[in-house]
Amino acid sequence: MINALRNPWTYIAFVVPTLVLYMLFFIYPVVVSFIYGLYQWDGVSQKAFVGIDNFKRLLHDSTFLKALGNNMYFMAFSLIVNIPLVLLISIVISKVRRLRGFYKSAVFVPVVISTATVAILFGVLYDYESGLFNHVLRAIGGDGWAREWLSKPKLAMLSILIANAWQNIGFFIVLCLAAVLNVPKEIADAAKIDGVNGWNETWLVTLPLIRPILFVMLLLTVSGTLKVLDIVQIMTNGGPFRSTEVMSTYMLKVGFRSLELGYGSAIGVAMFVITLLMSGILQRIARSEEVQY
Amino acid sequence: MVRMLQSSSRMESEGGVHTRRGRSPGSQWPMHLLLGAYVVVMLFPLMWLLLSSFKTNREITVRTWSLPSHFNFGNYKAAWETAHIGSYALNSLYVTLAACFLTLLLSSATAFALSRMKYKGLSKKIHAFILMGLIVPPSAVFIPLYQLVTDVHLINTLRSLILVYCTYALPITIFILHAFMQSIPLELEEAGIIDGLGAAGLFARIVLPVTVPALVTVFILSFIGNWNEYIISQLFVTSDSLRTLPTGMATFNDGYRTNFSSLSAAVIMSIIPVLAVYMFLQRRIIDGMTAGGVKG
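These protein sequences, in sequence, are chains U and F. Positions 1 to 293 (my numbering) are the ones given, in order, by the first sequence. Positions 1 to 296 (my numbering) are the ones given, in order, by the second sequence.
No lab work stands behind these hints, which were simulated from the structure alone. Quick caveat, the model's predicted, so the values are computed rather than measured. Here a beta-carbon is modelled for each residue, glycine too, at the ideal position from N, C-alpha and C. Be aware that a few hints might be false.
Reference listing, derived: stretches of chain U covered by chain F, where coverage requires no fewer than 3 residues with Cβ under 8 Å from a Cβ of chain F [said to hold, decoys possible]:
{"#": "1", "segment": "148-162"}
{"#": "2", "segment": "246-254"}
Here are some chain F residues pointing at chain U (derived, C-beta under 8 Å) [unchecked claim]:
{"#": "3", "residue": "50"}
{"#": "4", "residue": "131"}
{"#": "5", "residue": "133"}
{"#": "6", "residue": "139"}
{"#": "7", "residue": "148"}
{"#": "8", "residue": "280"}
{"#": "9", "residue": "282"}
Bound conformation, chain U alone (with noise of 0.2 Å):
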């Protein structure tokens, strides 16, 4: 009877058309990188294999190393600031009983907007003579609180992380909303009649239990910010004086506007290597600390 699910033909037509396309477009470029990475090539003229000259380049190259550098602030700020936000904010709507559904969906609105809207919606936000920030810091601090939010080395930085904290933080707090409300009502009860309450609650209870979607969200965190593009493209492409140059968007300059294909590629396997190894570290980190309710 069983047999019937043993058609050879069916099987090879229900997989081998998705495994030809995702053959192609992802495995045979990430294969095709490692190999790219490995010679010298403008595109145009003779390959010259150079070895492992440009991985060599890239420990060098001090633009490089900035850029590494700025995913690394950039993963700071979302770790230190947006992460504890997002607790804070999705524990004070698990607490609240009116009104959560409108919360849920309003912190949701930013997360549907496309990113590259977002970029120039925040370019309109930051205008020095224009712009809603320096607005509002003239309302309240004087005209010395104005800045130029995106053309000022120090303040480029923080000012898309901002906007990029804008647009992420809510489908944060709804997947951390999420796991809140399913911590099983039980041992919120238990917890009471030990004497646990308000906030010692959510520091001895809801946290604790709440550790698998916290790794789920770190990961996204490590991995989203490590390969950060639009956002940057779009509202600064890396300016001013590279200061908020990031590695993918070096990658796309040394590789589609120096036509350096060989060294781009070496940058995008950094990238993938790089982003491989910190979300195993933190996947490991995960596995040894599993927690079982």
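Starting from the structure of chain U, add chain F where the hints point.
What follows is chain F alone, placed relative to chain U:
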């Protein structure tokens, strides 16, 4: 991970009922104050932009805090004509829907074969191979991907976007559908087999209808992802008439950086469709995003 997220979103409605009961009606207004302030801060930029879109450039600078002197739609007319929002949106709609359709077609068939058809050893290997796609950051491989798309003569076509968007959605989609299909009881199929259905018939008449909730979730996920995609479309499509909405907006932005009234109107116009879809489908979108939270 996904299964955990799915179950958490399913549990949530029940959780909501529980927390309503058994608490003293203590004062909740500080919490509402905090959440209210947060929502205002998050939504105020959009409100400000909406008001700006009816103002003149001078009014935006000088009379920031007041309502526009009159609601003129001239900015919208100008932005619509110069930014070509309409044709960009049509390109986006075509690419998005075609890629979503192809993704659902391929991934549901593959997930069915991998989870239900009897080549288990092989299926496990293929499944693991496809899931490797979840850890590769696509942006790391744009250079060889661009070369490849050029070599197969798909550069500067909307078809290239459809194929690439579909491919990059496959791992997460197959992951979700595979998990869902494995939870369907085998008895359902046995009934179909008694009725004389073959593998393809079982897929189309029995498994697919049962899988509709998961299909809706992955459809919404890939719809939002494709509709918002910027970098691949900006790399692969060079003619202006083929641009998708996000790249079209970015191009418009480069040309009109100081004309804030037009820019505001264009941004508002590009947000309205997706916001409208969101209002209609909120619940499904939020649950879908929660279920697909591993995508990143």
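We went through each hint and held it up to the structure:
Coverage of the segment 148-162 of chain U by chain F is violated. Counting CB-CB distances below 8 Å, 0 residues qualify, and the rule asks for three or more. With 3 residues carrying a beta carbon less than 8 Å from a beta carbon of chain F, the segment 246-254 of chain U meets the three-residue requirement, and the given coverage holds. Taking 8 Å as the C-beta contact cut-off toward chain U, the hint placing residue 50(F) at the interface is violated, the least distance being around 11 Å. With 8 Å as the threshold, the beta carbon of residue 131(F) stays out of range of chain U, its nearest partner Cβ sitting at about 11 Å, so the hint is violated.
Because the closest C-beta pair between residue 133(F) and chain U is about 5 Å apart, less than 8 Å, the hint holds. Restraint check, residue 139(F) versus chain U: the minimum CB separation of about 5 Å is within 8 Å; hint holds. For residue 148(F), the suggested interface contact is upheld, since its CB lies about 6 Å from the closest CB of chain U, less than 8 Å. Annotation: residue 280(F) was flagged as interfacial toward chain U, and the flag is violated, the nearest CB pair being 12 Å apart, outside 8 Å.
Here the hint on residue 282(F) is kept, as its CB sits about 5 Å from the closest CB of chain U, short of 8 Å.
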